Amino acid sequence: MILQALAFYVFAFVVMASAAMVVVSRNPVYSVLFLILAFFNAAALFVLIGAEFIAMILVIVYVGAVAVLFLFVVMMLDINLTELREGFLKYLPVGALIGLVLLAEILLGLGVIGGGTTSLTGLDKATPQVIAIDNTRAIGRVLYTQYFYLFQVAGLVLLVAMIGAIVLTLRTRPGVRRQRVSEQLYRPKGDAVTVVKVPTRGGV
Amino acid sequence: MTADLIRFFTTNWIGQAIVIVAQCLAVTIPLLVAVAYMTYVDRKVWASIQLRRGPNVVGPFGLLQPMADGLKLVLKETIVPSSANGVLFIIAPMIAFMTALVAWAVVPFDDGWVIADINVGILYLFAISSLGVYGIIIAGWASNSKYAFLGALRSAAQMVSYEVSIGFVLITVLLCVGSLNLSKVVLAQSGWFFNWFWLPLLPMFVIFFVSALAETNRTPFDLPMSEAELVAGFHTEYSAMTFGLFFLGEYANMILLSALGAVLFLGGWMSPIPYAPFTWVPGIVWFAFKIAFLLFIFSWTKGTLPRYRYDQLMRLGWKVFLPVSLGWVVLTAAVLQFGGWVPKL
Numbered sequence: 031m032i033l034q035a036l037a038f039y040v041f042a043f044v045v046m047a048s049a050a051m052v053v054v055s056r057n058p059v060y061s062v063l064f065l066i067l068a069f070f071n072a073a074a075l076f077v078l079i080g081a082e083f084i085a086m087i088l089v090i091v092y093v094g095a096v097a098v099l100f101l102f103v104v105m106m107l108d109i110n111l112t113e114l115r116e117g118f119l120k121y122l123p124v125g126a127l128i129g130l131v132l133l134a135e136i137l138l139g140l141g142v143i144g145g146g147t148t149s150l151t152g153l154d155k156a157t158p159q160v161i162a163i164d165n166t167r168a169i170g171r172v173l174y175t176q177y178f179y180l181f182q183v184a185g186l187v188l189l190v191a192m193i194g195a196i197v198l199t200l201r202t203r204p205g206v207r208r209q210r211v212s213e214q215l216y217r218p219k220g221d222a223v224t225v226v227k228v229p230t231r232g233g234v
Numbered sequence: 066m067t068a069d070l071i072r073f074f075t076t077n078w079i080g081q082a083i084v085i086v087a088q089c090l091a092v093t094i095p096l097l098v099a100v101a102y103m104t105y106v107d108r109k110v111w112a113s114i115q116l117r118r119g120p121n122v123v124g125p126f127g128l129l130q131p132m133a134d135g136l137k138l139v140l141k142e143t144i145v146p147s148s149a150n151g152v153l154f155i156i157a158p159m160i161a162f163m164t165a166l167v168a169w170a171v172v173p174f175d176d177g178w179v180i181a182d183i184n185v186g187i188l189y190l191f192a193i194s195s196l197g198v199y200g201i202i203i204a205g206w207a208s209n210s211k212y213a214f215l216g217a218l219r220s221a222a223q224m225v226s227y228e229v230s231i232g233f234v235l236i237t238v239l240l241c242v243g244s245l246n247l248s249k250v251v252l253a254q255s256g257w258f259f260n261w262f263w264l265p266l267l268p269m270f271v272i273f274f275v276s277a278l279a280e281t282n283r284t285p286f287d288l289p290m291s292e293a294e295l296v297a298g299f300h301t302e303y304s305a306m307t308f309g310l311f312f313l314g315e316y317a318n319m320i321l322l323s324a325l326g327a328v329l330f331l332g333g334w335m336s337p338i339p340y341a342p343f344t345w346v347p348g349i350v351w352f353a354f355k356i357a358f359l360l361f362i363f364s365w366t367k368g369t370l371p372r373y374r375y376d377q378l379m380r381l382g383w384k385v386f387l388p389v390s391l392g393w394v395v396l397t398a399a400v401l402q403f404g405g406w407v408p409k410l
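Read top to bottom, the protein sequences are chains X and P.
Residue numbers for the first sequence follow the numbering used here, so the first one is 31 and each next one is one higher.
Residue numbers for the second sequence follow the numbering used here, so the first one is 66 and each next one is one higher.
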């Protein structure tokens, strides 16, 4: 028990510290790396409460895919560090406001302030007793039955975002020489290679 | 006396810690020896393909060559380029090496021989293997060199692309098993060798193996370190043990993906013929044979095939493997559902 508490405080401290470093650090590449560290420790916190499926999905989706693309883009930017710092004070009040609103929402949702009873009554449905049923199965059972339409709609939203991104970046340029794979594949072998029979240990 | 010892190792937290550390060492030390000898076997196989002898000077049949290479790497000077980002430059090879090692925690070597028998074993392996790209991309950026950076960008794009098809391969397998636990994946394949998943899921086995080649940056997909264009790709600026860690990590990753292939498609520790005398052979020996077989195909491909062009690589990943594997997931699900073979949950 004491080991778990210790682990919790270590992970929680690293999450908070690296989240702060995401905002504070001057170099955007460091920011993304600290963001990855924060994701990773948040996944560890999920493991501690027995939500191993969410933890793994967090690592696979956010650390393994989303953050790689972030890093990819940020590394290729030509960064002017002084310019980046200028907006910091200007956006600080707005950022703080958003942070406060989110905090209030979490506290309201958990019933710490206001209600007194927790309003998220379905919360324990997603994470039942770990021994009784593993939570991959538990999530599958509600996701594809009770929340089926919402799940499909989430998929559609992602599809719309994807098509939107493609439409925004699609441009047709004249004079582009394309690779025609079928033509390349159907080129007869005689055009490309000549086969020479080399005697073993004899050389050409 | 023995009862006392058993109580010490199962209840006392110091005893438990000793057991955990011993388990980790029992996996990592043979693994590192395997990595060392994989480099030797690799060079011997290429040498045979090219009608050469390969390493044959250090020790009998050159068997001590990996030790000599390792010693050389340790004793050389580690050079950090003056314009490189010092901290990240040193951390990158550590990440590359560590991610290749920690994944072994969930690999079952025999019935019950696994450090962490977790319910989400496949997802854990997938998550850890997706972290391997960070070592490479951080190395490329921290080196502050254009060759290293181009190599890192190629590698990141390549690994992210092929992870998608590996993901679908894993989904197909777990549809047939009904569990994410790797031991249960093996147990679901019990019986003759044609009951293993390689035959019913043959297209997925091929896709898995080719994607594994791309994930480990091996020929024909070794564009991140293609020496003709990029000197040595992402590890151009690395020397001595920092390079050594990348090298060890690459080989450990190859062995890991071969082990994953053996677990998912070749029945893990199962013997190919479920009767004596084949069942007398310990499971870990069969498992090692299967890994060695897949590793041999890794070396064979490297000795045989030329390198892909980059646009061909991306085309293969996104326009061939992704639709085929997606289609196969749908097909497998349909066959299981309508054939009445859905595994019991």
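If you're looking for bench data, these hints aren't it; they were derived computationally from the structure.
Bear in mind that the values here come from a model prediction, so they are computed numbers and not experimental data.
By construction, the Cβ of each residue, glycine as well, lies at the ideal position given by its N, Cα and C atoms.
Honestly, I wouldn't trust all of these hints.
[To be verified] DSBU-like cross-link-like pairs, simulated, lysine-lysine; straight-line CA separation at most 30 Å:
#1 K211(P) / K367(P)
#2 K109(P) / K227(X)
#3 K211(P) / K137(P)
#4 K367(P) / K109(P)
#5 K367(P) / K219(X)
#6 K219(X) / K384(P)
#7 K409(P) / K384(P)
#8 K109(P) / K137(P)
#9 K367(P) / K141(P)
#10 K367(P) / K227(X)
#11 K137(P) / K367(P)
#12 K137(P) / K249(P)
[Claimed, not checked] Label-pair ranges, simulated between beta-carbon atoms:
#13 I85(P) / Y39(X): 16 to 22 Å
#14 R231(X) / Y375(P): 35 to 41 Å
#15 R171(X) / I180(P): 27 to 33 Å
#16 L97(P) / P123(X): 50 to 56 Å
[Claimed, not checked] Chain X stretches covered by chain P per the calculated footprint, using a threshold of three residues with CB under 8 Å from any CB of chain P:
#17 122-136
#18 204-210
Each hint, compared with the structure:
Straight-line distance between C-alpha atoms of K211(P) and K367(P) comes to about 26 Å, which keeps the hinted pair within the 30 Å bound. With a C-alpha separation of about 25 Å, the suggested pairing of K109(P) with K227(X) holds against the 30 Å cut-off. Between the alpha carbons of K211(P) and K137(P) the distance comes to roughly 28 Å, so the proposed pair stays at or under 30 Å and holds. Our distance criterion of 30 Å between C-alpha atoms is met by K367(P) and K109(P), whose separation comes to about 12 Å.
The hinted pair formed by K367(P) and K219(X) meets the criterion: a straight-line CA distance of about 23 Å does not exceed 30 Å. With a CA separation close to 24 Å, the supplied pair K219(X) and K384(P) stays within the 30 Å bound. A threshold of 30 Å between alpha carbons decides the hint, and for K409(P) with K384(P) the separation of about 34 Å lies outside it, so the pair is violated. A threshold of 30 Å between alpha carbons decides the hint, and for K109(P) with K137(P) the separation of about 20 Å falls inside it, so the pair holds.
Taking the CA atoms of K367(P) and K141(P), the gap is near 28 Å; set against the 30 Å cutoff, the hint holds. The suggested pairing of K367(P) with K227(X) holds, with an alpha-carbon distance near 22 Å, which does not exceed 30 Å. A distance of roughly 25 Å separates the Cα atoms of K137(P) and K367(P); the hinted pair therefore holds under the 30 Å criterion. Using a Cα cut-off of 30 Å, the hinted pair K137(P) and K249(P) is violated, with the two alpha carbons roughly 43 Å apart.
The hinted window of 16 to 22 Å between I85(P) and Y39(X) holds, with their beta carbons roughly 21 Å apart. Checked against the given bound of 35 to 41 Å, the beta carbons of R231(X) and Y375(P), roughly 36 Å apart, stay inside it. Range check, R171(X) to I180(P): Cβ separation about 29 Å, and the 27 to 33 Å hint holds. Checked against the hint of 50 to 56 Å, the pair L97(P) and P123(X) passes, with Cβ atoms roughly 54 Å apart.
Figure legend: the region 122-136 of chain X, annotated as covered by chain P; annotation inconsistent (0 residues with Cβ-Cβ distances under 8 Å, at least 3 required). Check result for the region 204-210 of chain X against chain P: violated, 1 residues qualifying (beta carbon to beta carbon below 8 Å, three or more required).
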